[in-house]
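Student: Listed below are the residues making up each chain.
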Amino acid sequence: MLIQILLPGLLLSGLYALIAIGFTMIFSVGRVLNLGYGAFIMFGGYIYYQSAQILGLGKVPSFVIATAAGVLLGLIVYVILIRKLKGDAIAIEISTLIFAIVTQAAIIVVFSPSPKSMWPLIPGVLRVGDVIVTYNLVVAAVTSWVVLAALFLFIGKTHIGRAIRAVSMDPKGAVISGIDPDRINLIIWGLSGGLGAMAGIFLATYTQLAPAMWVAPLIIAVAVVIVGGIGSILGGLVAAHVIGMLETITTTLIAAELRGVATMLLIILVLIIAPKGLFGKAEL
Amino acid sequence: MSYFTENKGFDTLSATSENRPQPMLEARGLTKSFGGLMATKNVSLHVNPGESLGIIGPNGAGKTTLLNLLTKEITPDQGSVFLNGNCIDRLSIHKRVLAGLARTYQVPRPFHDLTIQEHIRVGMMPDGLFDMLLHGADDEKELKIAESVGLGGERAQQYPYELAMGDLRRLELVRTLATEPSILLLDEVFAGLTVKEIDQISELLTNRRATHSTTYMIVSHDLKALEPLVDRVVVINFGEVMTEGTFREVVADTDVQNAYLGTGWEQE
Amino acid sequence: MFAKGTNKGFLGWMIFGIAMLALPLFASSATVRIFVFANYIAIFAISWDVLSGRTGYISFGHPFLIGIGGYTTALLTHHLDMPLYITIPAAVLVTMIAGTLFFLPALRIRGTYFALVTLAFMELMYGLVQVVAPDITGGTRGLTGLPSIVTGAVSNYYLSFGVMFTLGLAMWLLIRTRLGTALGSIGMNEEAVRACGLNTTKLKLFAFTLSAMIAGLGGAMYIHYLGSIAPRGLFDVSFLFTILVACLLGGAGTITGPIMGAFFLTLLLEFLRPYIPGSERYLIYGVATLVLYVLQPRGIHRLIQITVNWFVEGFMRRKST
Ligand SMILES: Nc1ncnc2c1ncn2[C@@H]1O[C@H](COP(=O)(O)OP(=O)(O)OP(=O)(O)O)[C@@H](O)[C@H]1O
Ligand SMILES: [Mg+2]
Numbered sequence: 001m002l003i004q005i006l007l008p009g010l011l012l013s014g015l016y017a018l019i020a021i022g023f024t025m026i027f028s029v030g031r032v033l034n035l036g037y038g039a040f041i042m043f044g045g046y047i048y049y050q051s052a053q054i055l056g057l058g059k060v061p062s063f064v065i066a067t068a069a070g071v072l073l074g075l076i077v078y079v080i081l082i083r084k085l086k087g088d089a090i091a092i093e094i095s096t097l098i099f100a101i102v103t104q105a106a107i108i109v110v111f112s113p114s115p116k117s118m119w120p121l122i123p124g125v126l127r128v129g130d131v132i133v134t135y136n137l138v139v140a141a142v143t144s145w146v147v148l149a150a151l152f153l154f155i156g157k158t159h160i161g162r163a164i165r166a167v168s169m170d171p172k173g174a175v176i177s178g179i180d181p182d183r184i185n186l187i188i189w190g191l192s193g194g195l196g197a198m199a200g201i202f203l204a205t206y207t208q209l210a211p212a213m214w215v216a217p218l219i220i221a222v223a224v225v226i227v228g229g230i231g232s233i234l235g236g237l238v239a240a241h242v243i244g245m246l247e248t249i250t251t252t253l254i255a256a257e258l259r260g261v262a263t264m265l266l267i268i269l270v271l272i273i274a275p276k277g278l279f280g281k282a283e284l
Numbered sequence: 001m002s003y004f005t006e007n008k009g010f011d012t013l014s015a016t017s018e019n020r021p022q023p024m025l026e027a028r029g030l031t032k033s034f035g036g037l038m039a040t041k042n043v044s045l046h047v048n049p050g051e052s053l054g055i056i057g058p059n060g061a062g063k064t065t066l067l068n069l070l071t072k073e074i075t076p077d078q079g080s081v082f083l084n085g086n087c088i089d090r091l092s093i094h095k096r097v098l099a100g101l102a103r104t105y106q107v108p109r110p111f112h113d114l115t116i117q118e119h120i121r122v123g124m125m126p127d128g129l130f131d132m133l134l135h136g137a138d139d140e141k142e143l144k145i146a147e148s149v150g151l152g153g154e155r156a157q158q159y160p161y162e163l164a165m166g167d168l169r170r171l172e173l174v175r176t177l178a179t180e181p182s183i184l185l186l187d188e189v190f191a192g193l194t195v196k197e198i199d200q201i202s203e204l205l206t207n208r209r210a211t212h213s214t215t216y217m218i219v220s221h222d223l224k225a226l227e228p229l230v231d232r233v234v235v236i237n238f239g240e241v242m243t244e245g246t247f248r249e250v251v252a253d254t255d256v257q258n259a260y261l262g263t264g265w266e267q268e
Numbered sequence: 001m002f003a004k005g006t007n008k009g010f011l012g013w014m015i016f017g018i019a020m021l022a023l024p025l026f027a028s029s030a031t032v033r034i035f036v037f038a039n040y041i042a043i044f045a046i047s048w049d050v051l052s053g054r055t056g057y058i059s060f061g062h063p064f065l066i067g068i069g070g071y072t073t074a075l076l077t078h079h080l081d082m083p084l085y086i087t088i089p090a091a092v093l094v095t096m097i098a099g100t101l102f103f104l105p106a107l108r109i110r111g112t113y114f115a116l117v118t119l120a121f122m123e124l125m126y127g128l129v130q131v132v133a134p135d136i137t138g139g140t141r142g143l144t145g146l147p148s149i150v151t152g153a154v155s156n157y158y159l160s161f162g163v164m165f166t167l168g169l170a171m172w173l174l175i176r177t178r179l180g181t182a183l184g185s186i187g188m189n190e191e192a193v194r195a196c197g198l199n200t201t202k203l204k205l206f207a208f209t210l211s212a213m214i215a216g217l218g219g220a221m222y223i224h225y226l227g228s229i230a231p232r233g234l235f236d237v238s239f240l241f242t243i244l245v246a247c248l249l250g251g252a253g254t255i256t257g258p259i260m261g262a263f264f265l266t267l268l269l270e271f272l273r274p275y276i277p278g279s280e281r282y283l284i285y286g287v288a289t290l291v292l293y294v295l296q297p298r299g300i301h302r303l304i305q306i307t308v309n310w311f312v313e314g315f316m317r318r319k320s321t
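Line by line, the protein sequences give chains A, B and C.
Under the numbering used here, the first residue of the first sequence carries the number 1, and numbering increases by one thereafter.
Under the numbering used here, the first residue of the second sequence carries the number 1, and numbering increases by one thereafter.
Under the numbering used here, the first residue of the third sequence carries the number 1, and numbering increases by one thereafter.
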């Protein structure tokens, strides 16, 4: 019974961490919520689908193409929208939300409103005792851990990473020490777009591809950020696991339809009781 | 004033035993820390009715924090605030304003979409919602108040983005004056102003004092501008009251001079 | 009691009212039905604007309020056969209570966090309605065959227009009183409002309750017009999108702006239907809104103001020379 929850819970949490990371990054650096983040996820999923299943370009090239397309989309959104709104948080939130809905409409126009099922990245299932998990989810979780580890190294060890950290901690101070926050934000949005698209591929193979698929991951990302403490990537990682486990527990023990409900309740409770998140505001 | 909590007997005793007048505003042992940083440490001070008290101290000394504690913008970890001898610890910001304790901000906080006259309207706003709804604004009085700080006539229809720093400070001041404060806390009213603007504001404050006998507590870096305005000065350093006295006494104090050394205050 | 310039604006309202009253004389019943829809969107937009446009507390959960009103009256009529003159006031009352609860977090949090809590409330409701007691709420499929208040396109038009016009005018007058100024100043700098001696908690609570009242009334009437209710389409981001776009396109915080936005949105969507069927319209809309929002955040309302001023100034100049 325990392993039935722990194993899928752990894997799902890995996927959620991957979904949330790109969203958290933008928040911790620019102090704005990108409510269009779900669009990056959906975009990645659809590009992968087009490339791998319609054009037949193979899984690995398609993966790369979709991720690159996500980077591009992130950059475009930053340049044509975010930069123009000059850090007005509310304006950015409203307009990115509209952007997500525009993307949804565009997807419907191009791909039709009907959901599409995706081939798993790696077919087959893994049996551990009575527990069955798909290889697909295992791959998603492992990739997520690898990406997160790489990101930590990138932020901790590279020059750009240090600049990113500086901007996230103190934008004004960063400017004084010669860092251009606009450049850093551009990089972050590109990175976020790429990570979102990547997460989208895994999410779409885990569930399915549909024009409304951006809402659920956005809510998860929001939940992770809120529960983990705004702008704290480490807190976010913990929060992703709290939420992944919570969902697995509610879906296996209570009712499958309650998946989102538990997460919503958690968000509301945390926001009301401890607006700074369960883990406070830590550094990046 | 039903929202005052009852004064404890011994407090009144100690005040009278020293045979000094009942202070208008009094802080007792105000302490506030932000994480590890003690922004104010056990600060006690008072302002007598009709008096003008200057607060000086180097950057980051805790002056703004002290004002924030007095108005309950932030809640102290320890200590109490008394207004006319009554403990007002439980009064929220707006109730303190209604009780006559008002302030201005170091960085002006205008309403970006309201005209100068409308700022005054907000300052004069009654407490009850129905009152706000049913009774229109007193156009004449609003303009008269605007006039009193030199922002009357056509200027009263200007928006904050059209104003220079000196006018923004005056806007901030007039909005606060519209609440009819009996004691006014001013945070760096002279910062970022030209000499001429400083003179104008200074004159304004002096006139107001003559006509309304308003009590002041003025935080400023600009000692030259402060000198003619204050009866007494309290020096704050590292969150603590360092010394107090008349302006001359305080600037002659070697400790004060040392505290300021190297912080660049002389040039300002 | 009201700010200057109210009389001039009043004239605009009268012209608008007369034109709308006369509309069914000229328009086909299909067109009239489109206008009914526009009226309801306008009511929802007014509700949003009273709260978010004024106080700056952005609600992403307005469909939640509308849905509470809708479900209350739907359940009461469907299961208990109660008459509409009881169920609709009941719906308004329940929404006001829910709205107050809904907004309690706003006493502690604001900005982004507030917007997110409201969004979470909407999503929570979407999940709960389907799972909890689906035999009562109708679950995912919802409830159908709900009674209508009046029948026929024209009657529904006059009903919805009457309510919209009354609420719109009342709110427009409200924002022109001192209370309106106070509410608006909260959206500009809440601390400064408190430092002016105003009880912002009381003011916000008022705005929340008022907004919820309008949303509840509009929601209840709307579902009786439709005759059915379901979680999809109600607790839904695209519904939120419609309300937000109407307000932003029109110009938030002005009441008249969101009404214009609602009409512009609904009419253009409908009139474009023969030429561009399907979702392209939403695509065009979203893009148009984004572009307009980035270029002129104050929307159509401001554009009209600029145009009118331009004409008036030109006219004056010609007169003086
Ligand atoms: N909300 C806060 N959180 C954390 N630290 C704070 C906060 N407010 C003030 N501080 C710190 O408390 C100390 C005192 O700040 P304060 O603004 O009161 O100084 P000040 O005397 O007004 O300085 P200045 O002359 O620059 O206005 C400073 O070190 C400041 O960084
Ligand atoms: Mg200060």
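Please keep in mind that the hints were generated in silico from the structure rather than gathered at the bench.
Treat each hint with caution, since some may be false.
Said to hold, decoys possible - Each computed EDC-like pair below joins lysine to aspartate or glutamate, with the alpha-carbon atoms no more than 20 Å apart:
1. Lys202/C <-> Asp131/B
2. Lys141/B <-> Asp131/B
3. Lys204/C <-> Asp127/B
Student: Does each hint hold? Answer for all of them.
Tutor: Okay, the hints, checked on the actual structure:
no. : hint                  : result
1   : Lys202/C <-> Asp131/B : holds (13 Å)
2   : Lys141/B <-> Asp131/B : holds (17 Å)
3   : Lys204/C <-> Asp127/B : holds (14 Å)
Every hint from the earlier list agrees with this structure, and none is contradicted.
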